[in-house]
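Hey, can you piece these two chains together into the complex? The hints should help.
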Amino acid sequence: MSELLKVRDLRVRYPVAGGIAAMLDRNRPSYVDVVHGVSLDIARGETLAVVGESGSGKTTLAMALCGLAPVLAGDVRFDGAAMSKARDQHLRPDRRRIALMFQDPVGSLSPRMTVRRLLSEPFRIYSELSQDPDRSVLELLSMVGLSSDFADRYPHQLSGGQARRVCLARALAQKPDLLIADEPTAGLDVSIQGEVLNLLSDLQQELGLGIMIITHNLNIVRHVAEQMAIMYLGRFVEQGLSELVFQHPRHPYTAALLAANPSTNFDVVPERIELTGEIPGLLQRPAGCEFHNRCPRVQPKCRASFPDRQSSNGKQGWNCFHPLP
Amino acid sequence: MTSPVLDVRRLSVSYQTGRGTLRALRNVNMTVQPGRIVGIVGESGCGKSTLISTIIRLLAPNARIDGGSIEFMGRDLLSLESEAMRALRGDGISMVFQDPMTSLNPVMTIGRQMTDIQHRDNRSRADKLARAARLLERVGIADPAEQLKRYPHHLSGGMRQRVAIAMALMTEPALLIADEPTTALDATLEVQIIHRLRQLQQDFGCAVLFISHHLGVIAELCDEVVVMYAGEVVETGSTREVFLAPRHPYTRKLLECDPGRIEESTRHLPVIAGKLPDLVDLPKGCVFRSRCDESIDICARKPPELEGDDHCAACHVVGQ
Ligand SMILES: Nc1ncnc2c1ncn2[C@@H]1O[C@H](COP(=O)(O)OP(=O)(O)OP(=O)(O)O)[C@@H](O)[C@H]1O
Ligand SMILES: Nc1ncnc2c1ncn2[C@@H]1O[C@H](COP(=O)(O)OP(=O)(O)OP(=O)(O)O)[C@@H](O)[C@H]1O
Ligand SMILES: [Mg+2]
Ligand SMILES: [Mg+2]
Numbered sequence: 000m001s002e003l004l005k006v007r008d009l010r011v012r013y014p015v016a017g018g019i020a021a022m023l024d025r026n027r028p029s030y031v032d033v034v035h036g037v038s039l040d041i042a043r044g045e046t047l048a049v050v051g052e053s054g055s056g057k058t059t060l061a062m063a064l065c066g067l068a069p070v071l072a073g074d075v076r077f078d079g080a081a082m083s084k085a086r087d088q089h090l091r092p093d094r095r096r097i098a099l100m101f102q103d104p105v106g107s108l109s110p111r112m113t114v115r116r117l118l119s120e121p122f123r124i125y126s127e128l129s130q131d132p133d134r135s136v137l138e139l140l141s142m143v144g145l146s147s148d149f150a151d152r153y154p155h156q157l158s159g160g161q162a163r164r165v166c167l168a169r170a171l172a173q174k175p176d177l178l179i180a181d182e183p184t185a186g187l188d189v190s191i192q193g194e195v196l197n198l199l200s201d202l203q204q205e206l207g208l209g210i211m212i213i214t215h216n217l218n219i220v221r222h223v224a225e226q227m228a229i230m231y232l233g234r235f236v237e238q239g240l241s242e243l244v245f246q247h248p249r250h251p252y253t254a255a256l257l258a259a260n261p262s263t264n265f266d267v268v269p270e271r272i273e274l275t276g277e278i279p280g281l282l283q284r285p286a287g288c289e290f291h292n293r294c295p296r297v298q299p300k301c302r303a304s305f306p307d308r309q310s311s312n313g314k315q316g317w318n319c320f321h322p323l324p
Numbered sequence: 000m001t002s003p004v005l006d007v008r009r010l011s012v013s014y015q016t017g018r019g020t021l022r023a024l025r026n027v028n029m030t031v032q033p034g035r036i037v038g039i040v041g042e043s044g045c046g047k048s049t050l051i052s053t054i055i056r057l058l059a060p061n062a063r064i065d066g067g068s069i070e071f072m073g074r075d076l077l078s079l080e081s082e083a084m085r086a087l088r089g090d091g092i093s094m095v096f097q098d099p100m101t102s103l104n105p106v107m108t109i110g111r112q113m114t115d116i117q118h119r120d121n122r123s124r125a126d127k128l129a130r131a132a133r134l135l136e137r138v139g140i141a142d143p144a145e146q147l148k149r150y151p152h153h154l155s156g157g158m159r160q161r162v163a164i165a166m167a168l169m170t171e172p173a174l175l176i177a178d179e180p181t182t183a184l185d186a187t188l189e190v191q192i193i194h195r196l197r198q199l200q201q202d203f204g205c206a207v208l209f210i211s212h213h214l215g216v217i218a219e220l221c222d223e224v225v226v227m228y229a230g231e232v233v234e235t236g237s238t239r240e241v242f243l244a245p246r247h248p249y250t251r252k253l254l255e256c257d258p259g260r261i262e263e264s265t266r267h268l269p270v271i272a273g274k275l276p277d278l279v280d281l282p283k284g285c286v287f288r289s290r291c292d293e294s295i296d297i298c299a300r301k302p303p304e305l306e307g308d309d310h311c312a313a314c315h316v317v318g319q
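So the sequences go chain by chain: V and W.
21 is the number that numbering that gives the first Met the number 0 gives to position 22 of the first sequence; each next residue is one higher, with no gaps.
182 is the number that numbering that gives the first Met the number 0 gives to position 183 of the second sequence; each next residue is one higher, with no gaps.
Chain W with its partners taken away, still in its complex shape (with noise of 0.2 angstroms):
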């Protein structure tokens, strides 16, 4: 097999609160192989977006790394830097984050950002404006060059969050991270996105890490999918199989949650019964227990190991 471009171990996050430590992610394990489109998927407030940032080594005051490792083309982020981090996220690594005016400055022109991104190119700013256009273009940006001349407030949600991917795009990636990239979207340019996404994935046989709340659009782009669950991976494998045949009860019970999958036009949706236990004060044994129907005398004593060869889940049940 090759080396992974991206390589999580057991990895711990956490935030120190009013309340006491809120232990935000425990014990992650997660690859993304060279070339791979991977889709993260899981309850609101899981850990998703914490799981990035300590990718990115953009985390919050109070957060903690408690231990484990990232891997980036066999390099250890954890101990690098931070002026290397700083290069890395600047071509190694870029990313798009689910509020798109997170990586655009509100003071600054489209043009202006569009082409400080490409400082390190010895190109005349005309020719970088140039290329900064085609990018909107490709990303469907109507007037291009009239957007360049715009501040982000002009722009509606959705340009906002294409012009964000294409400045993304302008460093040509190995590994590219997108949180919730086409929440924003409509679905004729939310497909548009994916595919150009795809597309970029073969062209410079990028890597892509993708979060999304929609289940359509995870099984349409992502080769692979890892299911998070408060703070853990509860589920891994090819997205093929973990949505046709999902081992976890979560996951199981997330999919049946799917608006999209419901035929019948109800005015009440289905729900996980039950909430997120507390990250501050977490339960023994397995963490999805309290909302799960299949429980057994173990799962109230022992956390589940992720556990399996392509097709992982962290669950006794499934385990026996």
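Same shape as in the complex, but just chain V (with noise of 0.2 angstroms):
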């Protein structure tokens, strides 16, 4: 498979709002680094799924790939060019072959703008992606299960999952390369989240397309993306092929998600890991590995240093000193 995407110690930081009292405060930093370090690959036709902690970096990660956040360090590679820079630190991207589906579906949806106007706009933008513009919008309203009469909808007249697949056909309607979805199926009922996630793998056959899906639906991850990532706190603490990791997760992170997610089988009690200690803050990034005071496993030498790396025969990897045997 041919290499799409290849990113190595990405860096994300933000400057902190603050007032005069933090100006004062000499140790509370002026930034926080949102994004601390992140490789991943993407190639054509594979799937890349990103899960993790609430607050971790995901979006962010996302967005700076996509040009909407600054980026501090790293290199990204997009088939084969490395990704240059504006001035304000933004990683200039091609904006027709990345497409990225926003977290908040409503959210970024014009609301003055019919569904169809929506979906039309790439065609103005990129005139060549269709003859036949008016055409190409039921097409794609079809290609994500809604019928035709959607395309006079404002966004306010969406449910949620419906706001949710117009996302998704305004992201193929510029025929993307690498689609990053942001909760794609969030708020879609389990048929429709089936209906959209065959739609994305046919498409992934037939294009080529390399996706990375973030998402909190873990029972999703085992049947789209072959690869998959644990965020925690900036950093992907683990990653390597979905079924080897929910098969066998090593870090202890990783191990307590996963045991987490509620299911529908009433006769087993769920072996949950529970985790005490409070989340951290970005402002106050523990010293070592970040997830030492709530890990069960901690030893002394995971408050004073960060660990390497491990991986099994370059299938699955991750940073623990005292991973899961």
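Some hints could be false.
So these bits of chain W aren't anywhere near chain V, every CB distance computed over 12 angstroms [unchecked claim]:
id, residue
1, Thr1
2, Ser68
3, Gly73
4, Gln97
5, Asp115
6, Lys127
7, Gln160
8, Gln201
Label-pair ranges, simulated between beta-carbon atoms [as the list claims (entries may be wrong)]:
id, chain 1, residue 1, chain 2, residue 2, range
9, V, Arg134, W, Pro33, 50 to 58 angstroms
10, W, Val279, V, Arg134, 20 to 28 angstroms
11, W, Pro33, V, Gly313, 51 to 59 angstroms
12, W, Thr265, V, Asp266, 20 to 28 angstroms
13, W, Ser2, V, Arg94, 57 to 65 angstroms
14, W, Met107, V, Glu138, 38 to 46 angstroms
15, W, Ala144, V, Arg116, 41 to 49 angstroms
16, V, Gly276, W, Glu262, 30 to 38 angstroms
17, W, Arg197, V, Glu2, 41 to 49 angstroms
18, W, Gln201, V, Arg7, 47 to 55 angstroms
19, V, Gln298, W, Ala144, 28 to 36 angstroms
20, V, Ser126, W, Ile297, 52 to 60 angstroms
21, W, Val106, V, Asp93, 32 to 40 angstroms
22, V, Ser304, W, His310, 36 to 44 angstroms
Over the 10 angstroms line for every Cβ pair with chain W, so calculated as not near, a few chain V residues [to be verified]:
id, residue
23, Gly79
24, Gln88
25, Pro299
Just so you know, the hints here were simulated from the structure itself, not pulled from any lab data.
All residues carry an ideal CB built from backbone N, CA and C; glycine is no exception.
See below:
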């Protein structure tokens, strides 16, 4: 499989908003590192699922790759070429070839445009994409399972799931090579969720689309992504083949996360791994391994230094001094 | 039996659209008993959010209530003056929306919003802030005092949702309505919020109406479940019974599509073939008929009624 996206040690830093009190407090950092050294590869026709703690920087990672968040350091190569940076440190991706589906569907659709207008916008910007925009809009709608009468609706006249499908249609309109989908199935019932994911995997086979899916829905990960990464406080603490990670998580955070997934199995008492300790904030990034204050397997060493990446035959890697056996 | 906290009877709601009248809810019946947690599941677009907006009377301008009644603790909500309704939303019923930005004001700090909501209280501002910080901590937010100074756009999606949940809990409501409150959260937080809601319900005896597409969450949290399809209630019962022995063909198919139940990894997930009927031009008879494998003659002629004692289904076939 040929490589599409290659990211090495990407860092995103935001300044912290603060008033005079913050300026007087010398111990308070004036920035937060939201993405703290992330590396990943996505080949054509391949899907990477990014899961992890809420607030760990998944959306920010996606935004940075789309030139919507400032990049402090790191290399990003897309289809063999290094992505250049603008003066304000934002990456300059090829806007047509990398499509982003935003996490918040309704908020990302302009309220005053009809669905038809929203979906034909990419055709106005890139006229080579469609000879007949009106027809293409209807095709897109049917692709995402919406009937043609949705074309004349405004975003506020859609249910949550319908808005999500319109966003997907809009991302597909630009015929991207890489689709970054931030929570593409949140708010969809399981049947439509299946339709959307099947559609993505069909398109992937047809067009060789590379996909990065950010999701909290652990139930879909094994089915849609051959690779997965688990993010905690700005880093990927474990990544590798989804099948392996689910079967045998090595990082204690991964294990706790996967065990937390609520299930419909009434007769099995879930074996949850309780995480105690406060969820660390970005302003007080813990020393050593960032998970140490909540980790059931913590040892003194974990408080002192950050563990290097360990791996088993290159198919699964983790950053932990005391991984699960 | 005690009297219900919420009693919805034969509620019908429609939207006026360019194509005609879209009948979003038809003859919906549903009750929530005190201290119970009731889940609503159903296809995207089946009317769950419409039902909730009708209960709290925050309907879109093009919506119309065609009939039916809603009683909250014995009071008829549909005839309440808007002033009284606003007061009720302030402390009797609290709401957590699908999109947290619906309940958060983008130009006010979290702290300001969380103290404003306590305007009936005579406590000092510092006390109110401290109380706000405690609630943020209880929903699992780090550096709560720091977060109170921030604006919603500084927070991640999941953090915003937890702030919205904390705000809804501040007034200790008799009924908490939550429209997909945990979809934006990671599984560890999701479980934590579920337990938090359970605990709240035990501490305050508050009832919860909870919408989610995550069938595992419904199974773990809810005592009862209401299954909706295309604007109608098609099945109700205890969560365990409905999930283990579903009666309506739609419920059965929905459960079969749950990727959480599929052991072997597959690139093609099961789906329910066919589409939701057009709510502007409804078919005669049963709304699920065009997608049902079990339909018989009568299904094309007569819409089935919800029947049964504790575990009810609206289906001619299972009714026989
Ligand atoms: N513009 C910004 N300025 C300062 N901090 C920010 C900004 N945007 C995001 N953050 C912070 O970065 C962190 C990561 O946010 P992000 O939205 O990337 O998380 P996420 O992993 O997508 O979470 P979720 O799963 O809840 O959507 C959060 O702590 C958030 O407060
Ligand atoms: N203001 C409106 N005008 C016209 N139609 C509307 C309006 N709001 C909602 N609808 C339609 O009414 C139906 C019910 O919508 P509702 O938002 O209640 O669904 P839902 O069950 O909450 O769906 P989801 O799970 O996707 O959030 C949908 O077909 C939707 O398109
Ligand atoms: Mg996010
Ligand atoms: Mg909804």
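Hints that the structure is at odds with (numbers, increasing): 4, 7, 22
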